[in-house]
Amino acid sequence: ESTKKAVVELIKRWLSKGCNYYVSLLCKGMYGYEYLLKEVAMALNTKIHVSSERLSLYKNLPDMTKHFTTKAENTRIHSCNWEHERNINSKLPCGFSLPAPEKVNVIKIKATSMWFARRTEPLPSDCVFQVSKDFYRVIHSMHASMEEVHIFILNIYT
1 ESTKKAVVEL
11 IKRWLSKGCN
21 YYVSLLCKGM
31 YGYEYLLKEV
41 AMALNTKIHV
51 SSERLSLYKN
61 LPDMTKHFTT
71 KAENTRIHSC
81 NWEHERNINS
91 KLPCGFSLPA
101 PEKVNVIKIK
111 ATSMWFARRT
121 EPLPSDCVFQ
131 VSKDFYRVIH
141 SMHASMEEVH
151 IFILNIYT
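Here UniProt numbering is used: position 19 in the sequence shown is 19, and no number is missing along the way.
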């Protein structure tokens, strides 16, 4: 729940800057991010761009496919795969870009737990760590509650 809230707030702030601001949600695996992606889509009342492969994996999960699209131009939130043949000027994995001279501004958000476990710095209170000007990591667990992850990481350093 706190991961969802952190991701949604981060996305809202970014997208409010203008219609050429986009988000790339980096999901390493094909499974495990369903809840987060669905909740983000519902909270922001939009679909998320995913690959055809990911969409076909979700087709048997009730109430999932309506939150996703395979058409990159239909949304500003992407959780798509890196394409080998894509527009090299695009910062989105799928290669989507706006017509010239418009430029797509993209932030990347990666939901993860082990990256935070390996760090020696205190955990961010809002679950978000800004790695660079356009890359954020958010504390996330697919198998345990956020409180359990928080306790696990804190115990590593005590």
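It is worth saying that the hints were derived from the structure and are not from the lab. Be careful, since some hints might not be right.
Claimed, not checked - Under the rule of at most 20 angstroms between Cα atoms (straight-line distance), these lysine to aspartate or glutamate pairs were calculated in the EDC-like manner:
hint	residue 1	residue 2
1	LYS66	GLU102
2	LYS133	GLU9
3	LYS91	GLU102
4	LYS71	GLU53
5	LYS108	GLU9
6	LYS110	GLU34
7	LYS108	ASP134
8	LYS47	GLU73
9	LYS108	GLU34
10	LYS66	GLU39
11	LYS12	GLU73
12	LYS108	ASP63
13	LYS47	ASP63
A quick look at each hint next to the structure:
no., hint, verdict
1, LYS66 / GLU102, "29 angstroms, violated"
2, LYS133 / GLU9, "17 angstroms, holds"
3, LYS91 / GLU102, "13 angstroms, holds"
4, LYS71 / GLU53, "13 angstroms, holds"
5, LYS108 / GLU9, "14 angstroms, holds"
6, LYS110 / GLU34, "14 angstroms, holds"
7, LYS108 / ASP134, "6 angstroms, holds"
8, LYS47 / GLU73, "11 angstroms, holds"
9, LYS108 / GLU34, "18 angstroms, holds"
10, LYS66 / GLU39, "12 angstroms, holds"
11, LYS12 / GLU73, "19 angstroms, holds"
12, LYS108 / ASP63, "26 angstroms, violated"
13, LYS47 / ASP63, "13 angstroms, holds"
In summary, the structure is inconsistent with hints 1 and 12 from the numbered list given earlier, while agreeing with the others.
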